[in-house]
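Novice: Listed here are the chains, written in short residue letters.
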Amino acid sequence: MAKAEHVEAEQHHDDHDDHHEPQGIWQKYIFSQDHKIIAIQYTLTAIFVGLIGLGLSGVMRLQLGFPGDFGITDAFYFQAITMHGMIMVVYLLTALLLGGFGNYLIPLMLGARDMAFPYLNMLSYWFYFVSVVVLLASFFVPGGPTGAGWTLYPPQSILPNTPGADGLGIVLMIGSLAIFIVAATMGGLNYVVTVLQLRAKGMTLMRMPLSIWGIFTASILALLAFPALFVGAVMMMFDNLLGTSFFMPAIVDAAGNLVSASPDKPAYSGGSPLLFQHLFWYFGHPEVYIVALPAFGVISDVLATHARKTIFGYHMMVWAILAIGVISFVVWAHHMFVSGMNPYFGFFFASTTLVIAIPTAIKVYNWIFTLWRGNIRLNTPMLWCIGFISTFLIGGLTGLWLGNVIVDIPLSDTYFVIAHFHLVMGVSAVFAIFAGLYHWFPKVTGRHLNKIMSRTHFWVTFVGVYVVFLPMHYLGFEGMPRRYPSYGEDFNFPASATDLNAFITIAAIIMGIVQFVFIFNMAWSAFKGKKAEGNPWESTTLEWQTPDTPPVHGNWGPSLPVVHRWAYDYSVPGANKDYLTQDTAPSATAPRSDRHLDDHGTHNNGHED
Amino acid sequence: MNAMTPTKNPTPPNHIGNNRGGNGWGDHHEDQYESASPLGKRIGLWIFMGVASILFSSLISAYVVRMGLSDWHPLPEPWWLWANTATLILASVFLQWSLNSAKQGNLTVTKNGIMLGGLFGALFIVGQVWAWLQFINLGYFVETNPANTFFYLMTALHGAHLLGGLVAWIRTQRTVQRNESATKVVLGVEMCTVYWHFLLVVWLVLFGLMLLT
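Chains U and Z, in that order, are what the protein sequence lines are.
Read in order, the letters of the first sequence are residues 11 to 619 in my numbering.
Read in order, the letters of the second sequence are residues 25 to 237 in my numbering.
It should be emphasised that the hints constitute simulated quantities derived from the structure, not laboratory data.
Incorrect hints may appear among the rest.
[To be verified] Quick look at which bits of chain U chain Z covers, simulated, 3 or more residues with Cβ under 8 Å:
(1) 206-219
(2) 245-253
(3) 277-283
Computed from a predicted model, the values in this text were never measured in an experiment.
Yeah, the Cβ is synthetic: ideal placement off N, Cα and C, and Gly gets one too.
Isolated chain U (complex conformation) (with noise of 0.2 Å):
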């Protein structure tokens, strides 16, 4: 960078550098307000808990595969599946998109030196670490963790005699979630303001890469459906602690007594339960987009990079991304087919869940695109890429089939929901969050990853995958029923069945220890790996344009990037290679392609000049 014409500034930098560089370990790197830092603790989080649920999901399996070979009995098995849910959709998949991509890709995107928040950022991360250590201290308290289903139901979830019930597990769990709520509200606020309020000079919405579209929109989901968990946490403290009935009905026990939640308290009467289960829903299910958006945009950005060329309907990618949110708020009740609604209510969120199909293919459809005749470079984050789109067609694929009420009713509560969810929502969001490791692994550390590890990793998994999850089609059409610790006599499951459940097991330990490799090729490499240089995948979007890399404090040095182009300049015709920077100046290349390349930020439709 020619230095020496930025003196001024220069200058004006240091003085504020030295007054805000945090000096100090603590500042630095634990009580930090720089967005790098508490992204790289949000992901550090999220995949420390992250692996605490695949641990679970082995329990689970080895119970399956070989009922009680393995002295696992029904209360842990019980546990594990609600651990399980709720940590991999909550306290790993939403906390390390949004708060971990979101956290640094956001203002390194935009040309943003930070958040418009920073210290609310740090309380963000801080909230966050709480509620994990909340969440996890279920485990060690006495009758443990809650059993009663990651979706927590009243009222098995607070009825004695369901794991955890009787102790503090589902105060905890209830507690922990109402922190991590306040997190991701401190979180989302920050986004969405940096997203409208830091973008550099240049940078208008149309030019914002795709990454960002899908977390800015995951994060105002975020704000509008975290609420109603929050009001659905709180009634059931309630009810739990204070022997309220916003949820609890008259429920006898064995023994003939009405149910209450202490001897001191009156019995349960007239609560509804389904009342819970639309406040769940309502915020349940734009938390699949709130995982499934920014996963959408972190695609698009990968794929166009390795495959050098632009995104195939850019626009059509934004206004789908922003369809699929605003229809997200209208589906919930697809979740609750057999609680026995109304027809008419039923076909109605039967035609929004097939309705939010048109935006969702449209995506697919510009992802094939993009690859098509793509000078595609089979890196790993590309693989991913790939692996994502043939989980996420799959997964998607079969929700049409259960967005149908007659088609669900049969299949619910069958493996072939664990199937589906697994494959759309799961799978392919951690395909994306694996997409966008590989891909930004460079910038964030300033060194490559192994390359054999990371194909062991990709191939391994990828193929895993399909191992477990396709055959659960299968038992589902079978009738195997979800959150049955073990099957009996009395389902009369032909030998095959079985069989498959021994074979998915071992699949999905062999799958799951593949995911060390992954851990310690992170940890290997970001000390010990080939050097990154600042731009190794040949990237248009301003992450890659920063001076120093790792980025350092305050990102761009003494002036911030001026942008003048999409992110999406790959292939330009007649241009000197075959990617343009989104801060590249029109002058600095001939010919200038006609479209995106308005210095007024304003899309000309190729008529400029």
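With chain U held as given, fit chain Z onto it using these hints.
Specialist: Same frame as chain U, but now just chain Z:
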């Protein structure tokens, strides 16, 4: 640490001052990048109020659903809730008075207004706690009836937001009392006032709901 590519940064230095306003792009403050612009702070506040509105809307919809079930016995509407409502209205009035004075540059009135506004706000919280005790004395316990439960839950959640408002008020109050110039505190007073107005509106909606049902 690698050097940048030759095509990098062909643009002129873009230091403090020359990228503010006008273009409709981000409102940057390179000199203090650790905090949002006034507009950013206002947007942040409005988003937060939006989130809180969703929270109370969820609560109200749960209230309406639960109310439809057979065991609902509404609470009485005693005079002390009306008195509390008047207190909260006064808090808003004084804060608005403070804000108007700050905009006109009258620091003394600003200081008095914000002081009185906060005191009435705090008084409202005390009044709500007192209302709880009165209801408990009368035998309206939290678990006796869902209508009671909703009253305690709604006032508790509203109260939690009020406590946040008090923290904001204490911070604003300290800034205002220390400051020499009314114009410098306008933003702080405005944010505080808007939030307390919001809390008043939420209370009026909740109280109105309880009155009507």
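Novice: When the structure is checked against the list of hints, which entries are broken? Sort them ascending.
Specialist: none
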